[in-house]
Structure formats: structure tokens, C-alpha cells
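Asks: Listed in order, the protein sequences are those of chains B and D. With the numbering used here applied, the first sequence covers 5 to 301. With the numbering used here applied, the second sequence covers 5 to 301.
By construction, these hints were calculated from the structure, which means they are not laboratory data. Just so you know, not all the hints are guaranteed correct.
It does not matter which identical chain is used: a pair holds within one copy or between any two.
Stated by the list, open to error - Subject to a maximum C-alpha distance of 30 Å in a straight line, what follows is the list of computed DSSO-like cross-link-like pairs (lysine-lysine):
(1) Lys247 with Lys112
(2) Lys278 with Lys25
(3) Lys264 with Lys25
(4) Lys112 with Lys242
(5) Lys247 with Lys217
(6) Lys36 with Lys242
(7) Lys301 with Lys264
(8) Lys112 with Lys291
(9) Lys112 with Lys240
(10) Lys112 with Lys239
Number of protein chains: 2
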Amino acid sequence: MEADFQFGDVEELFRSAPTLKDEFVIRENLEKFIHRNCELGRRLVCITSGGTSAPLERNCVRFLHNFSSGNRGAVSTEYFLQAGYAVIFLYKRNSSQPYCRRIVECFKPDHSSSVQDRIELMECAVQSYHESVVQGKLLEVSYETIFQYLQLLRLIARNMNCLEKNAMFYLAAAVADFYVPWEAMDEHKIQSREGPLTIQLALVPKMIKVLRKQWAPSAFCVSFKLETDSTILMKKAKEALHKYNVHAVVANELTTRNEKVIVVTNEGEKTIEKDLDVEMPLVQFLKERHREFIECK
Amino acid sequence: MEADFQFGDVEELFRSAPTLKDEFVIRENLEKFIHRNCELGRRLVCITSGGTSAPLERNCVRFLHNFSSGNRGAVSTEYFLQAGYAVIFLYKRNSSQPYCRRIVECFKPDHSSSVQDRIELMECAVQSYHESVVQGKLLEVSYETIFQYLQLLRLIARNMNCLEKNAMFYLAAAVADFYVPWEAMDEHKIQSREGPLTIQLALVPKMIKVLRKQWAPSAFCVSFKLETDSTILMKKAKEALHKYNVHAVVANELTTRNEKVIVVTNEGEKTIEKDLDVEMPLVQFLKERHREFIECK
């Protein structure tokens, strides 16, 4: 049986987590950003992106990590901005950032494109990024560990609650399922001379439920389900829709995730296939669902 | 007692590891690169960079990861190229690459530098990178897992052996100490519904010893030691110098590693402090030690 939802576990995780650095500054920036975009009547989406790391040591050298380049979240951010949304981009430090995918291509030893072409690509990327930030449409907030991710998501969600239906959560980050509780953690780097190692991991409580029930219950909420085994993917995506009470679940299979995804909603399943990329039609589809959700009294 | 060195463990790891993808192409590129630089009489350094991940599942979604942005290796590559070396850059996919540090700065929401300044920085970075590749001075080889890292290091080291004393290894990658042997691994993503998880980890055999004894015994070899506990750092760095029989160990402490490092050699200890950065004087110092090593009959 699946471990059931316990508000106690959630409280315990937050209680024992290390204090968030710069919380005051982050909170101030968030409030300003949300307030301004709310006044302008913009829809606002919080996009989470990248893996989350669960430290094994307090002075962390080793951690348990979930696979995620952060590409899905970064590219989707570009399309949500294009679609008129303001975006809070909550991303794992050193994972992909919006407008950066072209940059990576400029540093490939591929002799087919000239230096001049590469420089033009980059100019365009820097300009688009800069404009979004300066016009107050894009706010980036970074995290490293699962503790920071959850604390920041709570902070953002509670602040976005005032937007009610105009708020969307697009939870593309690959959140750790397992972690070592802070209080059970070694202070320093675990020494390999002690020989083989056994790690005891606790389950990370499913925060989407708390987000839906407590932090921002009026918002439109999209979660992601990634599996490597295609035979269980759709079953698990449908279960997630009900269990977490979200508006859409994007089902991905690891090897085909850049070719197609299937969006599960209460109305059924919609297969979204790659155009230039998968993110463009996916964001378009979700924008429409969000519009219907807002218009539905 | 520290688990002692067993050639058997090394053989076992290589025997059970999944086959390296594209090995034939990589091998061909390597041979061409090394042969050409050897003919030109260039010194050649293999720089390893970034963390290594140890998968928990064969279709990997989760892995155990060592902290490393890859900055040390990426920036050192720039200085080794400046110093006239050819560089094989063996790096973790998505970790820092040479000439990219300025790029990251262009995507910071910092209003102090203009878009034009940012674009000029990037132009300069793309051009430097492009030149190094086109002139055949820089070869980049990427890896993801600890298995790929070790297989590639072995391939590179065996090929570099022909350079004898003109070869250097600058082993800045944060190599995993623990891993799940391939044969003990689950096929698919471990399901969180089963509840808390216990992971049994085996020790990764210390490959530096094999590199020094078998793969490239004539090369100049620099290893790195990172600790979070400053009270044991120097003791461990000195032990490493003798245990792995390397020519220099660069001792770093996690919190001060961008301010200073201490290089331990048979001649004693040398503290290297930040100038523009730590890497510039560090590479300068090691280049001199390498020159002495080559000239010493």
C-alpha cells in the first residue's frame, strides 16, 4: 500500500529543514513581482524546473539526485512568456535556463555553423532574456536541495494565492521521492575508508496535495509524471490526477519525452506530438485549458 | 582500515559495466588528436571535470551524485590552452565548459551591465572556444555515469601513454566513492509507493593507482582532494600523495576552494592564493613542476 498522506510528515520536514538563506530578499522580490503583474491583469505561472538533490551530509559533497536537465521547464518558460503570461521560474541551480538552449549549441565542436551565425544566435538569446527580466515578466528563483525547493515552492504558492484562478502551477521539476532527514545526517563528508555504505532513506511527503489544499487552492495546477516503464505510465498518470486533485497530468516516458507527451485531464487524454518541439503545442494546449478554467464559474 | 587496492575489483567493475556507446568514434578522434599534437611537440593534459553520477536504476532516473559545478576544470582548461598545452577535456555532461563562465553572467538579472556589453563578452567566448577546437588544441569528451567516466579515462590514458613525460593528468573531477554495481541494479525506476528505501553501496576502486601503474605510468599526475573538515584535509592530501604515487595533490576545502588551495608535492606544500582566480596561478605553478619533471633525466 502506498504510504498515505500525513500533514504531520509535511510539518516535520519543514520544522527540521535548515533555514532558507536570503528568505527576506526573496520574499520581497516575489511580493513586488506578483503584485505588479496582478495589477496589470497578467496571468501568472510558476514553473518548477530541474532535479532536486537530497544531501547525504550537512556540509554536502554527496547527494541523491533525480535526473532532469531542466530543458522542459526552461523551454516552456519561453512559450508561456510568448503567450502573455508572467513567469516565476523556480529552477535547480546549474540546470537549463530560458533562452539558453541555443547557447549550448554554440559550444559544440560542430563545424557546420560559422562563428558569425553562432554570435547572432546568442545576441538574440541575450536580448530576449534581458527584455523579459527588465519588463518584469520573468522572475528567476534558484534552489539546490529538496529542502530549499519545498520551502521556496511554499513561499511562492502562498503569495500567488491572491491571484486565485489567474495563477497556474506547472510542476516540471523532478522532485526527489526519498531523502535523508536533516537530523539524521552526518555533519561532514562521509569517509570512504570506512568501507561499503548503507543509506536509510525516508519518503518525501507529496507536497502537491498541500499546495492544492492549503497553499493555493484556487490555482490551475499541472503536474508531471515520468516513468521508464511504459506499461505503468498511463495508469500512474491517471491515479495522480485524482490523488493529487490536479487539473492536468503530463505523462512522459523517459526515452520518448522529447517526441511526445500525453496530457491527462478529467475530460480524457490528449496526445501532444512534437512540432518544432513538444513544449510549444503543450503550452498552447494548457493555456486553452487554463482559459476555460478561468471562464468557468 | 581502508579497503586495500585490489586489481580484481577494478577488473570486476569494468567487466560488469554497460558497454560504452560510440566507443569506436571516440577512440578514433582521440588517436587522431593525440597523434597530431604529439607530432607538433605540444605538451598534452587530460583534464577531468565535474561530478560523476552513480545510477540507482538501469533506466536511470535517480542517481547518487558528487557535488561539483565543473568550474575548476573548465577554467583551468582555458589557462592550460593559454600556456601552450593541448587539452583533452573529459567532463560531466551539463557541467561547466571552457569559456562558458562569462556566458552564465550574461543570464543573470543584473542591471549593471548593458546588453551590448554582454553580447561582446559572449562574442569573445565563442571565438576563443571555436579557435581552440578548429586549431586542434581542444578535444572535449563527455560522460554521465561513473561507469562511462572510468571507461573513458582508461581509453584516454592508454592512448596518452605514448607521450610519456609530455603527458599530464589533472584529475579535477569529483569521482564517486560509492556505487551500485550494475548487476545489483533495478531495471526500472524504483517506486516510492513501496515506502522508505535502503540502498547498499559498494566502494569504487581507486583508479588513480591503476592509471599510475598500468595505463600511463610515465605521465605527470595531479590529483585533487576535497574535504569539508579542514582539520583532516592536509593529512589526507599527504596520504594521497604517497598512496596513489602522484606528483602533486591539490588540497581544497569546500567553503574556501575559490580563494585558495594548497598543492602538496614531495618537495613540500605550496599555498596558492587567488589572483583573478585560483586557477591562473595554480596552472602556472603546475606547468613549472611539469617542466622540471620533463627536464629531469
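Asks: Look at each hint and say if it fits the structure.
Replies: Status of each hint after checking the structure:
1. Lys247 with Lys112: Answer is neither: 43 Å inside a copy and 38 Å across each miss the 30 Å cutoff.
2. Lys278 with Lys25: This pair counts as between: shortest inter-copy Cα distance 26 Å, intra-copy 39 Å.
3. Lys264 with Lys25: Answer is between; shortest inter-copy Cα gap is 25 Å, intra-copy 38 Å.
4. Lys112 with Lys242: The answer is neither: 40 Å in one copy and 39 Å across copies each exceed 30 Å.
5. Lys247 with Lys217: Intra 12 Å, inter 57 Å, cutoff 30 Å: intra-copy only.
6. Lys36 with Lys242: neither (37 Å within a copy, 52 Å between copies)
7. Lys301 with Lys264: neither (32 Å within a copy, 62 Å between copies)
8. Lys112 with Lys291: between (34 Å within a copy, 28 Å between copies)
9. Lys112 with Lys240: For Lys112 and Lys240, the Cα distance exceeds 30 Å both inside one copy (38 Å) and across copies (38 Å).
10. Lys112 with Lys239: neither (39 Å within a copy, 41 Å between copies)
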